Amino acid sequence: MTVVSRQKAASPEAAVPSRRAGLSEGKKQERRLGWLLCAPAALVMVAVTAYPILYSIWLSLQRYDLKFPENREFIGLANYATVLTNNYWWTAFGVTMLITVISVAVELVLGMGLALIMHRTIIGRGLVRTSALIPYGIVTVVAAFSWRYAWTPGTGYLANLFSPEGAPLTERASALAIIIFAEIWKTTPFMALLLMAGLALVPDDLLKAASMDGASWWQRFTKVMLPVMKPAILVALLFRTLDAFRIFDNIYVLSAGANETSSVSMIAYNNLMKGLNLGIGSTMSVLIFLTVAIIAFIFVKLFGTAAPGSDDVDGRR
Amino acid sequence: MAVETTSAKVKWGLLDALVVVFALIPVLWIVSLSFKTAATLTDGNFIPREWTWDNYKLIFQTDQFVRALVNSIGIALISTVIAVVLGTMAAYAISRLDFPGKKALVGVSLLIAMFPQVSLVSPLFNIERNLGIFDTWLGLILPYITFALPLAIYTLSAFFKQIPWDLEKAAKMDGATQGEAFRKVIAPLAAPGVFTTAILVFIFCWNDFLFAISLTSTEQSRTVPVALSFFTGASQFEDPTGAISAAAVVITIPIILFVLFFQRRIVAGLTSGAVKG
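Heads up: the sequence lines are chains L and F, in that order.
All residue numbers for the first sequence refer to numbering that gives the first Met the number 0, where the first residue is 0 and numbers rise by one.
All residue numbers for the second sequence refer to numbering that gives the first Met the number 0, where the first residue is 0 and numbers rise by one.
A couple of the hints might just be wrong.
Simulated crosslink set (DSBU-like; lysine-lysine; CA at most 30 Å straight-line) [as the list claims (entries may be wrong)]:
#	chain 1	residue 1	chain 2	residue 2
1	F	168	L	26
2	F	102	L	26
3	F	171	F	102
4	L	222	F	8
5	L	207	L	222
6	F	102	L	229
7	F	183	L	27
8	F	168	L	27
9	F	160	L	300
10	F	10	L	207
11	F	102	F	160
12	F	168	F	102
13	L	300	L	229
14	L	222	L	66
15	F	183	L	26
16	L	26	F	171
17	F	171	F	160
18	L	207	F	8
19	F	102	L	300
20	L	229	F	10
21	L	300	L	222
22	L	27	F	160
23	L	207	L	229
24	L	229	F	160
25	F	183	F	171
26	F	102	F	183
27	F	171	L	27
28	F	102	L	27
29	F	160	F	183
30	L	222	F	10
31	L	26	F	160
32	F	168	F	183
Hint data in this document are derived by calculation from the structure and do not stem from the laboratory.
Source: prediction; values computed, not measured.
Given only the sequences and the hints, what does the whole structure look like? Please build it.
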C-alpha cells in the first residue's frame, strides 16, 4: 500500500506542468508534500517489518539449520507440522496465554484503581503520578533482577519472608506466579494512564447529577463512568493483551524458561540462538504473528474497538 | 468537588502512600543490594548493614560494563533523533495535509505498534548477517527506529492537534510557503510535544532487551540490559549480584531523572495519543 503511494508520488511531479487534472496547484503541492514527508517513515517501517516477515514465511518453508547449512531444502509445510505437533510449543503457548489472561485481568482492576487515585486524589497528585511512572519507565531487565534477587533464598527479603525453606523460582507454579506478578508491577501504570485518559472524558456534571439522584458510588462507577470509558478500556485491553503475549524479558531473567515456564517468545528465541534452526525458528515467528493477528481481529470484531488514533487522523480540520 | 475534609485527606493520603510504596520497593531493593558489601550481600536484610561503593568501582573498571553503557547511550540517542525527526515529518503530514495513502500509513503504523517483535528476530538475524550489519550499532538502530515510529507518530499527531494552526495560515498569507510555515511557525510551537515524544522514544530504546540480545554477539554493540544478563558467571566476579545491582542502578538513573523532571509531560504524552472523545 505504502510502497504504491510512494511510486505514485513521482508521477504527479511529472504531471505538474501540464495541469490537466482537476486538482488545483495548491492541492497538488499539498499531496506532494504529504507524500514527501511520510515517505521516509513509511519506507523504514515497511523495510524493517514487511520484508522480514515475508522472508520469514519463505524461511519457514525450508529445512534450514545453521549447523547443517548444506542440508537446506524446500520442504513445504513440514516445519509447521513439526511445531504444531510438538509438546514444547503447546506448553509454551499455554503458559503465554495463562500469563496474558491473568496479568491483563489483574492489571485492568489495579489499573482502574490507580487511574482513579491519580485522577481524583486531593493531595500529593504529582507525587503519585511520578511514582507510578517509575515502573513504566524502568528497564524491564532491571526490575526483573530486583524481583529475582528478592526471591532468591538467603539473599532476598521476600524469599526469607514467604518461603524460608523453598526456592520459589525453581518451582513451576511459584515461578509463574512471580513472573506474572513482575509483569503486573511493571505494566499496571501504563494501563492506568490509558484508563486515566478515558476517565478525563467523564463529565463532572454527570457524576454530580447522578450523585444528587441518590446513586451510590458503585452505581456512579458502573452506570456513568464505565460506559463513557468503554473505548479507552478496550484500547488499553487490546494494547496490553498483545504486549503481554510477547512477554520475554521477565521470563528470561526470572526463570530462564526452566521448569516449563517458557513463553512462545522464549522458545522462538531459544530455537534461533541455541538451536540455530532458522527454519523452525521462522515457523514459530510466523505462528506467533498469526496468533497476534487473530487476537487483534477478535478484539476489533467482537468489541468494535476503534483503531486507536483513527479518529485523530480522519478528523482533519 | 467534595468538601476537603480531614478524613478524606487521610483516606487519599493512605491510598497515595500505598501506590508510592508499591512502586518504589523494587527500586529501593536493587539500590540497597548495590551498596551491600560482599559479606552482607546474602543476609537478606532490606537495608544494608554495611555500606560500600565497591560494586560501582568494580563495574566502572570493567570494559564489559563501560563499553555496554557507551553502546546503550549511543544507540538510544541516535535512534531517538532519527525516529523523532521522521515521526515529526509524518505526523505533520497526517494531521495537516490531505493526500491519498494517509490511512494506509496510519494502518501500517498501528500494525507495527502491535507487532510481535519476536517474529522479526529470526529473519532479521539472517538478513543482518547477510548484509554484514549483525552485531553493529546500525543493526539495532534500524529495528528501534521502526518500533519507535508508531509511538512517535501517534504521540506527535495528538500534540499537533492542539497547535493553533491559524498562525500557519497567517504565515502563508504573508507569503511563506507551506514548507517555510512549517519550519518557522509551527516547529517552535511543536517543540514541547516533540521533546516529550523524544523522552518516550528514548525510554523505549533504552529498555529493549529482545533485539539487543538477539542481534548482537560481542561487546562491540551489546547494550547494558544484555550485558547485565551476561555478568552472571563471568570469571572476574565471584558473585555477580552486587555488580549486576550496581549496573542496574546506573541505567535506572536516567529514567528516574526523566520521571522526576518531566512527569507532567510524560503523562500528557502517554494519555493524549491514546483516546480521543
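Which numbered hints fail: 14
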